[in-house]
Amino acid sequence: MGRSGSEIEQRLKDIGHSLPHPAAPLANYVPAVVSGGLLFVSGQLPFGADGKLSPSHVGKVGAVVTETEASRAAALSALNCLAQAKVFLGDLGRLRRCVRLGGFIFATENFNALAGVMNGASDLIGAALGEAGAHARSTVGVAQLPLGACVEVEAIFEIAP
Amino acid sequence: MGRSGSEIEQRLKDIGHSLPHPAAPLANYVPAVVSGGLLFVSGQLPFGADGKLSPSHVGKVGAVVTETEASRAAALSALNCLAQAKVFLGDLGRLRRCVRLGGFIFATENFNALAGVMNGASDLIGAALGEAGAHARSTVGVAQLPLGACVEVEAIFEIAP
Amino acid sequence: MGRSGSEIEQRLKDIGHSLPHPAAPLANYVPAVVSGGLLFVSGQLPFGADGKLSPSHVGKVGAVVTETEASRAAALSALNCLAQAKVFLGDLGRLRRCVRLGGFIFATENFNALAGVMNGASDLIGAALGEAGAHARSTVGVAQLPLGACVEVEAIFEIAP
Chain U
6 MGRSGSEIEQ RLKDIGHSLP HPAAPLANYV PAVVSGGLLF VSGQLPFGAD GKLSPSHVGK
66 VGAVVTETEA SRAAALSALN CLAQAKVFLG DLGRLRRCVR LGGFIFATEN FNALAGVMNG
126 ASDLIGAALG EAGAHARSTV GVAQLPLGAC VEVEAIFEIA P
Chain A
6 MGRSGSEIEQ RLKDIGHSLP HPAAPLANYV PAVVSGGLLF VSGQLPFGAD GKLSPSHVGK
66 VGAVVTETEA SRAAALSALN CLAQAKVFLG DLGRLRRCVR LGGFIFATEN FNALAGVMNG
126 ASDLIGAALG EAGAHARSTV GVAQLPLGAC VEVEAIFEIA P
Chain S
6 MGRSGSEIEQ RLKDIGHSLP HPAAPLANYV PAVVSGGLLF VSGQLPFGAD GKLSPSHVGK
66 VGAVVTETEA SRAAALSALN CLAQAKVFLG DLGRLRRCVR LGGFIFATEN FNALAGVMNG
126 ASDLIGAALG EAGAHARSTV GVAQLPLGAC VEVEAIFEIA P
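Protein chains in written order, with the numbering used here: chain U, 6 to 166; chain A, 6 to 166; chain S, 6 to 166.
Calculated directly from the structure, the hints in this document are not laboratory data. Treat each hint with caution, since some may be false.
Said to hold, decoys possible - If you anchor each label on the Cβ, the simulated ranges turn out as follows:
no. : chain 1 : residue 1 : chain 2 : residue 2 : range
1   : A       : Ser9      : U       : Gly10     : 42 to 50 Å
2   : U       : Asp96     : A       : Ser59     : 43 to 51 Å
3   : S       : Gly95     : U       : Lys18     : 47 to 55 Å
4   : S       : Ala29     : U       : Ser11     : 38 to 46 Å
For every residue, glycine included, the Cβ atom is placed at its ideal position computed from N, Cα and C.
With the hints as constraints, model all of the structure from the sequences given.
The structure is reproduced here in structure tokens:
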């Protein structure tokens, strides 16, 4: 039902993305945990292929970050979720589907086009996983994010045993 | 152990609510996903029976939205979670219990009576599901919500196979 | 694989903590719910051993609450998650692992050292559970929290049948 790992990575390449090398495991929390057939991926910031936050992805959406850049940042955060999944699973072909994305947007109190920003993440997951990418999601505007990033995305995937 | 679908809808009618026709499935994200016996419902805004946000449910709680109206909006958001569950499952009788609600309140930095607002959602789920409505929850005040809504509620339900 | 309940409580004592008596069950929401092998713990505020919020844990981090105090508050919130788990399970030895922590920090828009604050929670769970404490997490800055608390932490644990 799902795509093979190489097919998923090819789809990403087709839209101009390759999986970044995500941040190494930290101390008492880790990038991903499996329990009961679900893979919980920690909230991911929009680190680029160079492992850094672009200055255009730091700060408040609606003030210093444009909606277009924020949507790109959301796609990058989702890409980092996939990258963490690959590190954990070894092969993205083990992903059966995306169950849920949580999107946190560092937004001004006057910017409420949050859904459009988060579509950057949803569309990337859809492009990568196809039908298996259709997920539940919640999108909220927050008062601050780690490192002042404009977006953070967390994910839950269903995986093959 | 749970109530039948018609009993759940009757309980809602008894307290003056009927299930709205919720928003149709969107592109790369969807209103609900089932995995491993859990139904994950996307964050729901307080759309009314007419499918629209009431102007009294748009804006910051503690500034332009009163605590009472925000609590009503939380109930409506929870009602939309049930409506999405019905569309997905066909019959609310398949709900075994409500596992978790996540409540996001668009609040001023001086308004911290967030629990009272979220009780609107918890009480509606309790009225609809009875004992099976007792859920874990998290309530936070956020900097913005889609469309400027004053409340968003997401849900996880346990369902019968 | 996990530690016994008494071993977990001894580890907490070793670092100067004892489990508080957490807030009693509320009306239509409850401190914890089990479904499908997962224990969902409601968002916990940093109540102390006396069941109260310390004044040093109320208000915005970066303004009236220091990063050090906020980190202590995060540890207390995580401790309350464990306390709720013990009330629910009877014995913390039934915890197989911590799956996920969600951290909400009441922060000024200029304070973005959120990860350091949330490490207070992650380190406490790590100290208590050892390897089984390694969890996924998401950390965000929010606009307000119940009672004006500086931190709220929610948890998902995997439990033994």
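Comparing the hints with the structure gives:
Taking 42 to 50 Å as the suggested C-beta distance range, the pair Ser9(A) and Gly10(U) conforms, at roughly 44 Å. Taking the beta carbon of each, Asp96(U) and Ser59(A) are about 48 Å apart, inside 43 to 51 Å as hinted. The hint said 47 to 55 Å for the Cβ distance between Gly95(S) and Lys18(U), and at roughly 52 Å that hint holds. Restraint check, Ala29(S) to Ser11(U): a C-beta distance of roughly 54 Å breaks the suggested window 38 to 46 Å.
When each numbered hint is compared with the structure, a violation occurs for hint 4 only.
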